[in-house]
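**Student:** Okay, here's what each chain looks like letter by letter:
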Amino acid sequence: MIVLFTDYGLNGPYLGQVKNVLYQEAPGTPVVDLFANAPAHAPKPAAYLLAAYHGEFPIGTVYFAVVDPGVGGDRKPGVLEADGRWYVGPDNGLFEIIIQRAAAKPRWWNIVWRPDRLSATFHGRDLFAPIAARLACGDTPDKNPAHGDFREEPLGDIRHPDWPDDLAEIIYIDDFGNAMTGLRDSVLPDQEEIAIKGLSIPRGEKFSDIPEGLPLCYENSNGLLEIAVNRGRADQLPGIAIGVQVTVSKK
Amino acid sequence: MIVLFTDYGLNGPYLGQVKNVLYQEAPGTPVVDLFANAPAHAPKPAAYLLAAYHGEFPIGTVYFAVVDPGVGGDRKPGVLEADGRWYVGPDNGLFEIIIQRAAAKPRWWNIVWRPDRLSATFHGRDLFAPIAARLACGDTPDKNPAHGDFREEPLGDIRHPDWPDDLAEIIYIDDFGNAMTGLRDSVLPDQEEIAIKGLSIPRGEKFSDIPEGLPLCYENSNGLLEIAVNRGRADQLPGIAIGVQVTVSKK
Amino acid sequence: MIVLFTDYGLNGPYLGQVKNVLYQEAPGTPVVDLFANAPAHAPKPAAYLLAAYHGEFPIGTVYFAVVDPGVGGDRKPGVLEADGRWYVGPDNGLFEIIIQRAAAKPRWWNIVWRPDRLSATFHGRDLFAPIAARLACGDTPDKNPAHGDFREEPLGDIRHPDWPDDLAEIIYIDDFGNAMTGLRDSVLPDQEEIAIKGLSIPRGEKFSDIPEGLPLCYENSNGLLEIAVNRGRADQLPGIAIGVQVTVSKK
Numbered sequence: 007m008i009v010l011f012t013d014y015g016l017n018g019p020y021l022g023q024v025k026n027v028l029y030q031e032a033p034g035t036p037v038v039d040l041f042a043n044a045p046a047h048a049p050k051p052a053a054y055l056l057a058a059y060h061g062e063f064p065i066g067t068v069y070f071a072v073v074d075p076g077v078g079g080d081r082k083p084g085v086l087e088a089d090g091r092w093y094v095g096p097d098n099g100l101f102e103i104i105i106q107r108a109a110a111k112p113r114w115w116n117i118v119w120r121p122d123r124l125s126a127t128f129h130g131r132d133l134f135a136p137i138a139a140r141l142a143c144g145d146t147p148d149k150n151p152a153h154g155d156f157r158e159e160p161l162g163d164i165r166h167p168d169w170p171d172d173l174a175e176i177i178y179i180d181d182f183g184n185a186m187t188g189l190r191d192s193v194l195p196d197q198e199e200i201a202i203k204g205l206s207i208p209r210g211e212k213f214s215d216i217p218e219g220l221p222l223c224y225e226n227s228n229g230l231l232e233i234a235v236n237r238g239r240a241d242q243l244p245g246i247a248i249g250v251q252v253t254v255s256k257k
Numbered sequence: 007m008i009v010l011f012t013d014y015g016l017n018g019p020y021l022g023q024v025k026n027v028l029y030q031e032a033p034g035t036p037v038v039d040l041f042a043n044a045p046a047h048a049p050k051p052a053a054y055l056l057a058a059y060h061g062e063f064p065i066g067t068v069y070f071a072v073v074d075p076g077v078g079g080d081r082k083p084g085v086l087e088a089d090g091r092w093y094v095g096p097d098n099g100l101f102e103i104i105i106q107r108a109a110a111k112p113r114w115w116n117i118v119w120r121p122d123r124l125s126a127t128f129h130g131r132d133l134f135a136p137i138a139a140r141l142a143c144g145d146t147p148d149k150n151p152a153h154g155d156f157r158e159e160p161l162g163d164i165r166h167p168d169w170p171d172d173l174a175e176i177i178y179i180d181d182f183g184n185a186m187t188g189l190r191d192s193v194l195p196d197q198e199e200i201a202i203k204g205l206s207i208p209r210g211e212k213f214s215d216i217p218e219g220l221p222l223c224y225e226n227s228n229g230l231l232e233i234a235v236n237r238g239r240a241d242q243l244p245g246i247a248i249g250v251q252v253t254v255s256k257k
Numbered sequence: 007m008i009v010l011f012t013d014y015g016l017n018g019p020y021l022g023q024v025k026n027v028l029y030q031e032a033p034g035t036p037v038v039d040l041f042a043n044a045p046a047h048a049p050k051p052a053a054y055l056l057a058a059y060h061g062e063f064p065i066g067t068v069y070f071a072v073v074d075p076g077v078g079g080d081r082k083p084g085v086l087e088a089d090g091r092w093y094v095g096p097d098n099g100l101f102e103i104i105i106q107r108a109a110a111k112p113r114w115w116n117i118v119w120r121p122d123r124l125s126a127t128f129h130g131r132d133l134f135a136p137i138a139a140r141l142a143c144g145d146t147p148d149k150n151p152a153h154g155d156f157r158e159e160p161l162g163d164i165r166h167p168d169w170p171d172d173l174a175e176i177i178y179i180d181d182f183g184n185a186m187t188g189l190r191d192s193v194l195p196d197q198e199e200i201a202i203k204g205l206s207i208p209r210g211e212k213f214s215d216i217p218e219g220l221p222l223c224y225e226n227s228n229g230l231l232e233i234a235v236n237r238g239r240a241d242q243l244p245g246i247a248i249g250v251q252v253t254v255s256k257k
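Chains as they are written, first to last, in our numbering: chain W, 7 to 257; chain P, 7 to 257; chain S, 7 to 257.
It should be emphasised that the hints constitute simulated quantities derived from the structure, not laboratory data. All values reported here derive from a predicted model rather than from experimental measurement. Some hints here could point you the wrong way.
In this list, chains with the same sequence are indistinguishable; a pair is considered to hold if it fits within one copy or across any two.
What the hints assert, rightly or not - Quick list of in silico lysine to any residue cross-link-like pairs, SDA-like style, CA-CA up to 20 Å:
(1) Lys-203 with Val-77
(2) Lys-149 with Pro-170
(3) Lys-203 with Pro-64
(4) Lys-203 with Asp-39
(5) Lys-212 with Asp-196
(6) Lys-50 with Gln-30
(7) Lys-212 with Gly-78
(8) Lys-256 with Pro-36
(9) Lys-82 with Pro-244
(10) Lys-111 with Ser-255
(11) Lys-257 with Asp-80
(12) Lys-203 with Glu-31
(13) Lys-212 with Asp-132
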C-alpha cells in the first residue's frame, strides 16, 4: 500500500500527476489519500500529525510524505525505514517524530538518483513518486546497493533533538472545524486543565457530553487531544489556528 | 462495489482511514466516493438524498452510509438488506426512504460484533468499515449465523412512519451552488408552482432555457427537483440553505 | 488508464457516478482524477490547461474531458484521437489546443450512439462515461464501424482557427493560490517583462528566490508561466482571476 500525506490540496492536478506515476510504476498497488491538507509549508506540526496517523496502515506500507517548503533548495530527499514501514520525503524534520517513537532504530538513506526530468518545484511527481513506487515493488535500498541510487547516512544528520515529545499547539483543523493538538492524550496528567488563548476547555468523551454550541476537548480517534464544539465549529472560537499554543496546567 | 456516503468531508484523514480498512479486508473491491458532504449531522435530509442516488449502482453493492451525530451514544449500528443491496450504518433514520421505496420487504440486523479497538467518535473506521468489507466479501448475516455477530430485528424498530414520501425542503447544495430538493419531480402535479421564501421559480429543462443570471427549477439527473441559476449560483439567492422549505402550489 | 478532466467539483456525487460507470464497464482500468475544477463553463481556458497537462500520461490513455456549458443543447459529443491518445467530450473547442499541437493529424468522430437513459444535464455519466469505458477496453471507432455508433467528420468542423497558440490570460488558480497562465514559458522572448493589471511581476526559478510575501513568475512544472507569492497567495493580489489578461512586453 502507498499512503499519500501532503499539503498539495485535493484540487488541482498534483495528486493525479503523482498517482499517474504510481499506477504506471507500481501497478496494482492500492494508493490511499490520507492527508492532502497537512499543515502547509510547515514540517514541524506536520511531523506530529504524521506520527499520530501512520500506525494503522500495514507493515510494509510506503508513505509518500511531502510537506516541502524548501523544494528546489538545499534540503535533501531521502528514504526512512522505521519499524518495517517506508517513508519517502524531504529531510526537513517531517520524519522526526516517527523516528523518536520508533521501537527499533530507524535507518535513513539520501536519494542519490536523479530523474531525467526534474522540475524546480514538483519533486513529488518527478523524484519522490518514482522512488515510492520502487519501494512498493520491493526494490529497497539494501536490495540494490549496486544501483548506487541510495546512500545511507547517519540518522543524526536529519534529527531535530530540540523538538519536544509532544507539541502543545494546534496542528490541524478538519472539515468539521475540529482542532487537533500535537499532544497525545495518554501522556497528559490526570487532572490537567486545557486552555487556549485564556479560554478553559472542559473535558468530554463524546460531543453529546456538552451542551450544543459549547467547546470540549477529548481524546480523538487517533489518540490526540482535540478540541471541538458540539454541533458547532471549534475553528470559529477566537484565536484558533494552526500554530496556536495550548496550555496544560494543574487545576 | 463499496459506495461511500458520509458527511466526513473530503479533506482530513477520515475517508483514507476507512479505505485502508476496506482495501485490507476486501482487497480488489472497487470503492466509489459518492457523497462525502451529505447533510452534516442530519440523517433526515440525508435519507432522501441517499434514496435518490443509490439506485444506479449494481445489485450486490455495499453502501457505507454514515451520517451519525449520535456516534458513541445509544443509537444502534446495523445492516439493512433491500432489493439485493446492503446498507451499513446507524439506525437513526438514514435508511428510512430506502425502506419506504423498496420493492420487496427489506431486512435489518443489529451489529452485535464489537472490534478490539472501538474509539468513541469514529465508528466508521472501527465498526462500520470492517462490516462493510465482510459484506463485500460475501460474508452476509444469514450465511454465518453461528458467528453471532448480527441479530435480526423487526424492521419496525427503526422506522420513522411520520417522515413523508417526499421532503419539500432543500436537502443538498452542490459545488456549482445548485440546490437539490427532497421532492421527486415525477410525483409533482403537472401545473404546480414552485417557490422558496416567497420567490417563484420558473421551470426549465436545461440551464440555457433561462436568461443568464436567473433561477430555474428542473428535474435533475437523478429525478429530484433542483434549483439552479443559469451560469450563476442558486446558493446566492436569498435564504437558500439545507432545511429551507420549498412550497408547491396550484397556479 | 482513464484520466478525468472536468469542472464537476470534487464534492457532490458527479465524479462518483462517472466512476461507477467506468468501474462497471471497464473493470480493472486505473482511473486518475487530474482536474475536477477546470475553468467552470469555460472551454477556451480549459483547452489550454488540458493541452499543458495531458502529455505525461501513457500512450493509449483515454481522457474523459468534460467542460460543457452547452450540455443538452446543439453542441455535438465526440471522440478525438491525437498521437495515440483518446479524448472524449463535447465539440466546443475543449480539444482545440491538443489538435494544434499534435504531431500527426488527429481524427474526430461524432458519437452517434445514444444510451437508453440520457438525462438533460448529465451527459458525462450517461453518454461520455460509457464511451470512455469502451475506448479503454479497446473498442475504438475504427474497430467496430459496423456498430454505427461513431461517424468520422472532417476535423475542420470543430476547429477554432482564431484561438492563439498560447493564451495570455490566467487560466487556472490552484489550492495554494498560484495562478497559471495559458502561456508556455518556452515560447516567451528572453527579455520579456510580465505584468498583470499594471503590476510588473519579476522572474524567479523557485519560490525562495524572492522575499516572503512578494510575487514572482516562473516556469511551472508543466511548462506554463505561473504566478505565485513566496509563502503567500497570488490570488490575493489585486485583480487576479481566471480570464484576466497577462501582458508580455520588451523591457
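**Student:** List, from low to high, the hint numbers that the structure doesn't satisfy.
**Tutor:** Hint check: 1, 2, 3, 4, 6, 8, 9, 10, 11, 12 fail, others pass.
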